[in-house]
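Visitor: Okay, here's what each chain looks like letter by letter:
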Amino acid sequence: MEATAAEAARTRRSRARLPTQGRGEALLLLGPCAVYLAAFSIFPLITSLVRSFEDYNTRTDTWRWVGVDNYTQLIHSPDFWTVVENTVLLTVVGVTIQVVLGTALALFFNQQLRGSAVVRGILILPMLLTPIVVGLMWRALLNPEWGLLNWLAVKVGIGQVGWLSDPNVALWTLVLVDSWQWTPFVFVIVYARLQALPQEVFEAGSVDGANWFQRTLYLTLPLLAPAIVFAAVFRAIDAFRTFDLVYGLTNGGPVEATTTLSFQAFQNGFEFQHYGYASAISYVMVIAAAIGITLLFKVVKVRRLETA
Amino acid sequence: MATVTFSGIGKVYRDGTRALEDFNLEVPDGEFMVFVGPSGCGKTTALRLVAGLEDITEGEIRIGDEVVNGLHPRKRDVAMVFQNYALYPHMNVYRNIAFALKVRKTPPDEIKRRVEEAARILGLTPELKRKPAQLSGGQRQRVAMGRAIVRDPQVFLMDEPLSNLDAKLRVQMRAEISRIQHELGATTIYVTHDQVEAMTMGDRVAVLRKGELQQVAPPQRLYDRPANLFVASFIGSPEMNLVEARLEQEDGQLVCRLVDQAIEVPPALVADRPALASYAGRTIGLGIRPEQFEDASLVRGDSPGASIRGRVVTTELLGSEVLAHVEVDARPVATQEVREVLEDVDRSRVVDLESETRARRTVLIGRFAIGSRVRAGDDVTMHVDTRRLHFFDLETEAAIGDDADGAAGHPVGATLGS
Amino acid sequence: MIKPGRRFGRSVSYVVLVLIGVAGVAPFLYLLMLSFKSELQTFDVPPSLHFDWSTITANYGQVINENGYFTYVENSVIVTGISTLIALVLGVPAAYAFSRLRFRGSDNLAATILSFRFMPPVAVAIPIYLMIRYLGQVNTFPGLILPYVAFSLPLVVWIMIGFFDEIPREIDEAAMVDGLTRPRALLQVLLPLARPGMLVAATFGVIFIWNEFMVGLYIVNSQDKETIPIAASTLLTVESPINFNVAAAVGIFTVIPVLLFSIVVQRYIVRGITAGAVR
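Chains as they are written, first to last, in the numbering used here: chain U, 1 to 308; chain R, 1 to 418; chain A, 1 to 279.
Calculated directly from the structure, the hints in this document are not laboratory data.
Among the hints, erroneous ones may be present.
Unchecked claim - Beta-carbon label-pair distances, calculated as ranges:
| # | chain 1 | residue 1 | chain 2 | residue 2 | range |
| --- | --- | --- | --- | --- | --- |
| 1 | U | G67 | A | E170 | 39 to 47 angstroms |
| 2 | A | Q62 | U | R114 | 36 to 44 angstroms |
| 3 | R | D166 | A | V22 | 52 to 60 angstroms |
| 4 | A | L19 | U | E145 | 50 to 58 angstroms |
| 5 | U | G115 | R | N24 | 16 to 24 angstroms |
| 6 | A | L191 | R | D152 | 55 to 63 angstroms |
| 7 | U | E85 | A | P192 | 20 to 28 angstroms |
| 8 | A | V138 | U | D166 | 54 to 62 angstroms |
| 9 | U | E85 | A | R133 | 33 to 41 angstroms |
| 10 | A | M176 | R | R18 | 47 to 55 angstroms |
| 11 | U | R64 | A | I171 | 53 to 61 angstroms |
| 12 | A | E39 | U | N57 | 40 to 48 angstroms |
| 13 | U | D166 | A | S11 | 49 to 57 angstroms |
| 14 | U | R64 | A | R133 | 17 to 25 angstroms |
Think of the CB as a built atom: it goes at the ideal place given N, C-alpha and C, for glycine as much as any other residue.
Please build the complete structure, drawing on both the sequences and the hints.
Guide: Quick look at the structure:
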């Protein structure tokens, strides 16, 4: 039976090789989309690259070619490396936390407690909120004078914490808020996959003698791995680009403790109007993102996002 | 190895459906017991109760001497082969089979030895490194078996393991499973809806219907002495022919009267079934298996038996024999149980049954020798071998048998030795 | 799965469940509560549950009247609606083509389009701004819509490819045998079938565009054209001294539309996120 199924698939695919008539159709269907993206995504991207080799004069509104000067400036700027460090930490630590928590949540919700559907619905909310407002919410919660969290911290005995004011703590606060917002993303993906796993496999595991811990370690987690990895890479690419949350929570401060690459590029562009320099920073990001994307597409095939 | 005992087992699901009712059965150590019945009869439920995959609502199950109610599956030392195999998709064959041993912290060289041995028995040695997705259906089935036998458990449980295979493979695997089971001498409970499978594989077969045990007995006895109309119709292919007949006393002989024809009941049969005499004057169900019929023109004149006339509706030439569908003046038995069996096969059969009942003409199926020349439309006289007739009480649907009081019907033979 | 039957384990689980729910919703509730209070009351810690209707109206009133929030809502709705619509019009046929027509390089082309989903917006913010300026569309709706469509196209295509893949090819073939060309088959036969997919894609497009503000900051420079997030970003900056209560009201105002929207489309959100990971 498997032989015939494979055969059928092969015939389908070869049938799909089109005569020239198909070309016209493909053009009609794909054309507008491709053209649009070429104009508003590819073209700007190329422009950005070009601009990164130039310098912008605000007064005269002209561009001057400076070669790799922007980049050399970047590499020699300690600020840049601080920002890179921030971004990497946010991405690596943040995503790790989100993946671990998200998976744990998925396993927890697998118990199907009553009312869990409601809580799951609540969990989706953080992802939808405008990051600026998320920043506002947490600024309120973390307010040193009247914020609820500091009040709790004092009660519990930790004492006042400079969540957003202490340069050593601020980045971790950002990680915390980012995780609050995006752990549900990992959770939804892993949970869906968990629900789709065949129950019989776990029954077989039970009959074979495995306890909950062994079943989870040897069966559940390996079977969830593709979804977990997918979610992790997805999140990593997004976390790397974090801008909105920084803008809303800390505005990059205190003293660049929470500035991410995106934010720094934005600042240089929007505030300082060093468009060339900003483009250089952005392009470093683009290259990093390109690497990440290649990774993702190795892990996940574009067409059939299926697992074993 | 151990005995499995069901005592007063009942199972009700959370939505109120009752799957099993007062189920009592003892499967002795080493026996190959088959649970058979139409879909929804409770056979898989009973199996899963033994495994511990469902909770017991009433009664208790014992494996060996231990009551296992509420015991987690992993503590019961049973092995199960699932209908869809339930192989671990991310593990290769070796690790699939080894899993149960690994989980019990068996030393690696011991694992290796036992896995390779199991693979050898099942002919899986070349596939050990491959993953389930790369295997054929038959190979996957054998891996599922391998997983079970490597553990040397007290009980083997099999849930329709062959139903996903094509016909030829199924026949082959049936033999293999029987062989392995005999080699290992393991107590086995095997669930199937295919009565041919049940008959060929089981030491004893338990027929279930709607959560109740109908009869449990070795296959031949099930065939020769069905306890009720359900078992009679369910076991045997083609099905047993069932017609209504009026039992009358004529010249000291019991005779079955079908409208305008009569079949004499040999005294030997009556002696064997003392209760039969008390049914004189009443309408009973008469059962005749297809092989009891023969084209009268092929039968030597001095053979014992009776004759029935009818008209051939159609014939099926099987090469080795002829299945003749002969329409006869008689009412078919159309009780609830018979209806259920037909329904399980095909809804349209029930419709046929209704029209037959109304018309008072029944199509009987007879197995004629290949020399028979009958064709559709012919009038034919069939010879009936009356040494093996079956009689059923139309109200209780039970076989009229050994009990002097007319047989309660079920469950017959709950314990060994019926 | 067999329940261990341990009551204690169950109760602990329920407690954890409640805690999770609280953690998810607490910041929002806190903000909501803040928006109901006056400046003085803010300093009460822990916050009392006593609410004054006049304070509430004062706070929200300020948001609506002084800050003209309804204008922003209007702008957001227009920009988001039109952008999503255009993205669908461009993206659905493209996704259909990728799903059904395979030609040399189609997989690569699809991968390229999808990879734009991951591009950092900063990288293109400036060039896009310059382009819009060149086209004379600074501070107009088209100025916002044009880039927003580009941002959401990859997502729409990604989601729709998945949904189209699930519809058996036989339906296309039946339509074509009946005399329709592929594009018409798409229009008349497949679109109705793909509607759930389009709703998922639309949902995500809407959420993404609604919350976007970085590119918007470049393009929009007058209050009357601001969308909600852009307006919020100027009102809520970390630096400027802030009346937290009014700010809270602004915040609530910003997210209420999204929340209402998501309650309606909740299952589409889940389907969309998992469309990539689960099949």
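Visitor: Indicate, hint by hint, whether the structure satisfies it.
Guide: Okay, the hints, checked on the actual structure:
{"no.": "1", "hint": "G67/U with E170/A: 39 to 47 angstroms", "verdict": "violated (58 angstroms)"}
{"no.": "2", "hint": "Q62/A with R114/U: 36 to 44 angstroms", "verdict": "holds (43 angstroms)"}
{"no.": "3", "hint": "D166/R with V22/A: 52 to 60 angstroms", "verdict": "holds (56 angstroms)"}
{"no.": "4", "hint": "L19/A with E145/U: 50 to 58 angstroms", "verdict": "violated (27 angstroms)"}
{"no.": "5", "hint": "G115/U with N24/R: 16 to 24 angstroms", "verdict": "violated (41 angstroms)"}
{"no.": "6", "hint": "L191/A with D152/R: 55 to 63 angstroms", "verdict": "holds (60 angstroms)"}
{"no.": "7", "hint": "E85/U with P192/A: 20 to 28 angstroms", "verdict": "violated (52 angstroms)"}
{"no.": "8", "hint": "V138/A with D166/U: 54 to 62 angstroms", "verdict": "violated (40 angstroms)"}
{"no.": "9", "hint": "E85/U with R133/A: 33 to 41 angstroms", "verdict": "holds (35 angstroms)"}
{"no.": "10", "hint": "M176/A with R18/R: 47 to 55 angstroms", "verdict": "holds (52 angstroms)"}
{"no.": "11", "hint": "R64/U with I171/A: 53 to 61 angstroms", "verdict": "holds (58 angstroms)"}
{"no.": "12", "hint": "E39/A with N57/U: 40 to 48 angstroms", "verdict": "holds (45 angstroms)"}
{"no.": "13", "hint": "D166/U with S11/A: 49 to 57 angstroms", "verdict": "violated (38 angstroms)"}
{"no.": "14", "hint": "R64/U with R133/A: 17 to 25 angstroms", "verdict": "holds (19 angstroms)"}
In summary, the structure is inconsistent with hints 1, 4, 5, 7, 8, 13 from the numbered list given earlier, while agreeing with the others.
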